[in-house]
Amino acid sequence: MMRYSSKLGIALLILMLLALVAVVDYHRQRAEYADIIWMRQALQKAVGLTDLSITTAARYLRHYSLGDLTTPFQDYPASLDHFPAGFVYTPPDVSDVPKPIKFGPLPTPNEGK
Amino acid sequence: METPTQSGSWLERQRSIIDYSLQSMFRRRTKNSLILVMYVLLIFVVSSVFFITGSLTVELFSTVDELPDITVQKLIGGRQVVIQESYFQAIREIPGVEAVEPRIWGYFYLEELQANFTIFGMDLTMLEEGEYQRIVDWGPALKKGEERPEFRMIIGEGVSRLLKAIQMEDSFLFFQPNWDTAIPFGIIGTFKSETQLQSNDLMVMQTEGARRVLELKEGEYTDLVVHVPNPEETKMIALKIRRYYPELRTVTRAQIESTYTSAFNWKAGFVLSSMLVVIFAFLVLIWDKASGLSPAEKKEIGILKAIGWDTEMILSVKFWESFIISLLASIFGVILSYFYIYWLHAPGLKEIFIGWSTIFPSFDLVPHIDLKFLLLIVTVTVIPYSTIAIFPAWKAAITDTDFILRNN
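For the record, the sequence lines run as chains A and B.
Heads up, the first sequence is in our numbering, so the first residue is 1 and it goes up one at a time.
Heads up, the second sequence is in our numbering, so the first residue is 1 and it goes up one at a time.
Be careful, since some hints might not be right.
[Stated by the list, open to error] Below are the DSSO-like pairs computed for lysine-lysine, each with C-alpha atoms no more than 27 Å apart in a straight line: (1) Lys192(B) with Lys45(A); (2) Lys45(A) with Lys235(B); (3) Lys395(B) with Lys45(A).
Hints listed in this document are in silico derivations from the structure and should not be mistaken for laboratory results.
Owing to the predicted nature of the structure, the values given are computational and were not obtained by experimental measurement.
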């Protein structure tokens, strides 16, 4: 009778073969990627819109990096986001959104020139 | 007294121990196969999520160099509104700014199909020349004089698929409720499927046409793109724009990059919650192992000690048991998730990412596997499992044999 360790060896060998198939496939797909990436970059350069169109459920998910503070709460204040994809994305960086309250005179375009 | 000589080489001895471990695992096959299944499931879920988010993040970053340096939006009451022509000149005069380019874009919701298209206005002749030609599958040339040059567009593959279903693949009739008549837009081409992840929902049309569809008045634009040749100056120029015009918001390329870094941050909730059940079950299993051996297992250790095995060998047996399970489960789990994501295109998981979109890409992701991910998976699963499994065996092995055998 075959020893248990030999059976384990065969099982590992099969797994390794599967892994090899995956590795070969990985390299094949990566090699094809070069041309794809060229086309994507060309499109990006021509059209200039950000983000991936994996979801079009809402505009702040489609153009996620250009969304602002209030977009996820469009229906009424503090309404929860009800799109499933909104769950996957972390909230966008809104640190640059102008703060509404300003004291003192507003800076003029000539200041600092 | 001389220590008994051990037969065979170190390798042969380990092999015999592995034989013994497998045999004893086989005796408790129900419990062990359950552990194996849970283990494979856990590794499969964790690595699937890592693979999919890793690939998407790489896709996001793949075109980051081509993004505009600064995007300027106008906000009123925290919402984006159209920006007027008057801002161009002032922004162009800021030292360091090379050019300011107004853009017209927005969304068009087609109620009948419940689809949301992204409309972008540009000069289409730019795509018809030079290297850009390659990214479009050009349709049959429109009959001369039949189509007006301002009402033509190039669409993404997802849009094309949707329009084919309603037999509008050659020309699409745009209509807004307040218009008298619908406007036909000739479709002159489709973006190639390679660009699908970006162009899937796009309708790129001549600027005048886009202005008409989005109902923007003359002199109004969606946003501005500012070109800054020196990347060192971008941040300062953005700050200046915001200080001169507090109602404007600037988004720099660096900000978009940092947004992308965390976009699919795996802490984003869904990952954890989808794994929670599996993690919990796995924890229970580990707890079960750590909280002690079954009486039968203790008895086995007692007998082994009584017939002369030393503690070290018993620990070897237990180590191999847990190591074999971990090894098989992690290799199998990772391979399984590779085929699931990159061959089957993640059915089930991708729905969470695309949400309720009507236009969705094929999710033909290019594999991106970070060795860090694999190491992380091994560290958070294999190592704790192997250690925890050894501990109770060690406790039993150092206890007096007589005590173990009598107490069972």
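The hints, checked one at a time:
1. Lys192(B) with Lys45(A): With Cα atoms ~15 Å apart, lysine 192(B) and lysine 45(A) stay inside 27 Å; holds.
2. Lys45(A) with Lys235(B): holds (21 Å)
3. Lys395(B) with Lys45(A): violated (65 Å)
Of the hints listed earlier, the one the structure fails to meet is number 3.
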